[in-house]
Amino acid sequence: MKLASLEREMLAGKHGKATQKSMEILLALGEIYDAKRMIPVTSVQIAGVSYANLREPGLEWLAEMAKDGKVQVLTTLNPAGMDLDNWRALGIDPEFAKNQERVIDAFAKMGIITTCTCTPYLIGNLPHFGEHIAWAESSAVCFANSVIGARTNREGGPSALAAALTGVTPEYGYHLDQNRQAHITFKVKAKVQGTARFGTLGKVIGDTLDGNAEWTIPYIRGIPQASTDELKSFCASIATYGGTALFHMRGITPNKTEIPQDLLLITEKDMAKSEKELNDEEAVIDFVSIGCPHASIKEIRRIAELVEGKQVTKETWLTTARPTKRIADRVGYTAIIEAAGIKFACDTCCVVAPIKGRFKGLATDSAKGCYYAQGRHKFKTKHCSLEECIQEALSR
Amino acid sequence: MTKFQGRKIAQGTASGEALVTSQGISFYGGVNPDSAVVVEKGHELEGKSIAGKVLVFPRGKGSTVGSYVIYQLAKTGKAPVAIVNKECETITAVGCIISNIPAVDKIPIEKIKTGDQLYIDATKGLVEIR
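From first to last, the protein sequence lines stand for chains A and B. Quick note: to get my numbering, add 738 to the position in the first sequence (first position is 1). Quick note: to get my numbering, add 102 to the position in the second sequence (first position is 1).
Each hint should be verified, as a subset may be incorrect.
What the hints assert, rightly or not - Chain A side only, calculated, beta carbon under 10 Å to chain B, not exhaustive:
#1 Glu762
#2 Ile763
#3 Glu769
#4 Tyr771
#5 Asn791
#6 Pro795
#7 Ala874
#8 Gly894
#9 Ala900
As the list claims (entries may be wrong) - Derived list of chain B stretches under chain A, where covered just means 3 residues or more per stretch with a C-beta under 8 Å from a C-beta of chain A:
#10 108–114
#11 170–176
#12 188–199
Hints are computed from structural coordinates only; laboratory data are not their basis. Every value quoted in this text rests on a predicted model; they were computed, and no experiment measured them. C-beta: ideal position from N, C-alpha, C; glycine also.
Same shape as in the complex, but just chain A (with noise of 0.2 Å):
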């Protein structure tokens, strides 16, 4: 691999111990992936931010870097595991509280912007199409390539933090249009709409694609049109099934593509299947959480008027970036929503928050949130669209 000099000099110190380690990392992993140089990356996101995953030692390894590290461009961060603000109202413990801040604080040190969301692409950090950055979470990777056309490999934390602080990635992978072309073609046959059913597309074509070598990236038609919410939550599924970085979309997404030959259909049955294994039989419902990706001010706005002058009878969760909730605050929805007994959780999800063994059930319309619900959390999950949801929160 041919480093520019300024990128010889990060590696030999030069510019501090934090840029050395980060090159290091480059470097090997664009040796690794036979990458011919370094190109320079636009925006960074960062995952790997709730102290339940990095624990002490993940913390200890930030503190380190924050010692002399400076990020060079604009950089964010995925949801922590608690509202940095409100956790006190959610249950969180106070111990956990402490070091969720440590690791918070650690980033800042950095200059990242330390609104922790899986939704950068809402709340300012928007690379246009054709730009290089270096996004780790799989369903802001699976958005920032296939819906915006920008071009991302699936970064982990500590290599987009390494990309963050030297402004620069190794250039192989997705960053390559002979990388991106399509390898299967599905043809949906069954009406999708709404996020709940776009999820549930993205569990069946990520099913699919799971584990096969040589179809990584689809090509999909017979989607008359996708809504922005639509598309996060359909991003957040396939990445999650399928391991999906890159699909495209005929008439809704701007890549250019190949149309491959290879065809699968997708019926009404395959998305019953998929349906049934997002809904235990025997789930008691006791939580429900709304928001994973993060929640648009649109969708804060639909529940702002479902549930005016009501009330929920169950533990109810709205997650969401907070300067989406501070639009919220603005216009009134905030208040509306609360008064309804719904809890604002914003910096943090259902997926990374500590809540293993809280409840019973989780109903939700993310297919991404009912995975990490039954895997991680050992809830039962009812999936369902965010009208429903909502019923399942106000009913007795």
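Once you have looked at the hints, place chain B on chain A.
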């Protein structure tokens, strides 16, 4: 003495006893970060500790949080002294770099047996059976 020339992943030198598996290792979820014992159900190394060994396996797998598990093991003195792979991937590479664990790949690992005494010069990409 048998020598293999591979590729440097993370620099440094080490010697130790080989612990070999023909299966992939998922550090997040597959290895207990406190005890260094492999806990993945049905894994060839299930129940064995990777602490202080030269860990020899084809390739890493699983969540990217695995890099932090390697780091945690190193901080508590329970990491492998070196890692030898057939084909290294991101999680193991990043884990070894941030933890200063020498690592080499592109080695014919089927020629190494558990219990072999190995010397690793990762900086030169060398693995020796002594």
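Hints, verified against the model:
1. Glu762: Since the shortest Cβ distance to chain B is 5 Å, the answer is holds.
2. Ile763: This hint holds: A:Ile763 lies near chain B, its Cβ roughly 5 Å from the closest one there, short of 10 Å.
3. Glu769: Constraint on A:Glu769 satisfied, holds at 7 Å.
4. Tyr771: 8 Å, holds
5. Asn791: 5 Å, holds
6. Pro795: 4 Å, holds
7. Ala874: 7 Å, holds
8. Gly894: 3 Å, holds
9. Ala900: 8 Å, holds
10. 108–114: Holds, because 3 residues of the segment 108–114 of chain B bring their Cβ atoms closer than 8 Å to Cβ atoms of chain A.
11. 170–176: It holds, with 4 qualifying residues against the three required.
12. 188–199: holds (count 7)
Checked against the numbered hints above, the structure violates none of them.
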